[in-house]
Amino acid sequence: MNTDVISPLQEQVEIELQEYFRILNGQNPSGVYDMVIGEVEKALFRVVLEHCDGNQSRAAAYLGINRGTLRKKLALYKLC
0 MNTDVISPLQ EQVEIELQEY FRILNGQNPS GVYDMVIGEV EKALFRVVLE HCDGNQSRAA
60 AYLGINRGTL RKKLALYKLC
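Just so we're aligned: 73 in numbering that gives the first Met the number 0 is position 74 of the sequence shown, and the numbers increase by one with no gaps anywhere.
Please keep in mind that the hints were generated in silico from the structure rather than gathered at the bench.
Mixed in with the good hints there might be a few duds.
[As the list claims (entries may be wrong)] Each computed SDA-like pair below joins lysine to any residue, with the alpha-carbon atoms no more than 20 angstroms apart:
no.	residue 1	residue 2
1	K71	L43
2	K72	V39
3	K41	V4
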């Protein structure tokens, strides 16, 4: 994999983060890492679960995590 090439997903994330900081207008946020990871995980789990027609075993396999971990994350993000 060529690490010099930015994936469309990475590019979109960068665009959204730049917009987030632009909207802050110089304010210094805290907890940005946890906020971003949480938002990305929630969207990822929602989309993968939808793609798998709600089948958690299949979704876990797509994500490369075990079903127990997926269930915990779904509960955390109130997606189940």
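These are the hints, each one checked on the structure:
About 14 angstroms separates the Cα atoms of K71 and L43, which keeps this hinted pair within 20 angstroms; it holds. About 12 angstroms separates the Cα atoms of K72 and V39, which keeps this hinted pair within 20 angstroms; it holds. About 26 angstroms separates the Cα atoms of K41 and V4, which puts this hinted pair outside 20 angstroms; it is violated.
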